[in-house]
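> Sequence:
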Amino acid sequence: MLLHIVARGKLGRSPEADLLDRYARRLSWPFKHTELPETGGRIPEMAAPGRLVLLDERGKAMTSEDFAAILGRWRDDGVREARFQIGAADGHDDETRARADLLVAFGAMTWPHLLARAMLAEQLWRATSILAGHPYHRSG
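First residue of the sequence shown: 6, per our numbering; consecutive thereafter.
No lab work stands behind these hints, which were simulated from the structure alone. Backbone N, C-alpha and C define an ideal beta-carbon position, used for all residues, glycine too. Hints may contain errors.
Unchecked claim - With a straight-line cut-off of 25 Å between C-alpha atoms, the simulated SDA-like cross-links for lysine to any residue are: (1) K37 / I135; (2) K65 / E21; (3) K65 / S19; (4) K65 / D99; (5) K37 / D23.
To be verified - Per label pair, the in silico range of CB-to-CB distance: (6) D81 / E43: 21 to 29 Å; (7) D99 / E50: 19 to 27 Å; (8) T101 / P54: 17 to 25 Å; (9) H139 / D98: 24 to 32 Å; (10) D99 / R27: 28 to 36 Å; (11) H139 / D95: 24 to 32 Å; (12) H139 / P42: 33 to 41 Å; (13) R27 / P49: 40 to 48 Å; (14) T115 / P20: 14 to 22 Å; (15) T68 / S33: 26 to 34 Å.
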């Protein structure tokens, strides 16, 4: 299953980009990262059956194990792509939220959008490590 982060804004050469790359390289599952302009820019359609996950302040806070279980279920059900969408500063509109299969929050605090990508990539690595049965998923 392809793990695909779609995010508004450019990382450029930054510590956040280095962190994203660090965790993306650790992933044993296919991974893609797509950057879109802060405003405008068409979000690409999924090429295969997939699930849409929004990082959203109204989303569900969950443990890494719960997150891994969801990804594992989707993988086992034959889902081809899990798309994780990070909105611009104003977040997602109601229409996009209504289309989402899952809303995820990284807690009640507000996180910078650039840092959220690295945090998401780390959680994707951790979830796939949990599903693979690796005990080192507790290290970072």
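> If a hint holds in the structure, say so; if it does not, say that too.
Status of the hints after comparison with the structure:
no. : hint                   : in the structure
1   : K37 / I135             : holds (20 Å)
2   : K65 / E21              : holds (24 Å)
3   : K65 / S19              : violated (29 Å)
4   : K65 / D99              : holds (16 Å)
5   : K37 / D23              : holds (15 Å)
6   : D81 / E43: 21 to 29 Å  : violated (36 Å)
7   : D99 / E50: 19 to 27 Å  : holds (20 Å)
8   : T101 / P54: 17 to 25 Å : holds (19 Å)
9   : H139 / D98: 24 to 32 Å : violated (38 Å)
10  : D99 / R27: 28 to 36 Å  : holds (35 Å)
11  : H139 / D95: 24 to 32 Å : violated (38 Å)
12  : H139 / P42: 33 to 41 Å : holds (37 Å)
13  : R27 / P49: 40 to 48 Å  : violated (25 Å)
14  : T115 / P20: 14 to 22 Å : holds (19 Å)
15  : T68 / S33: 26 to 34 Å  : violated (21 Å)
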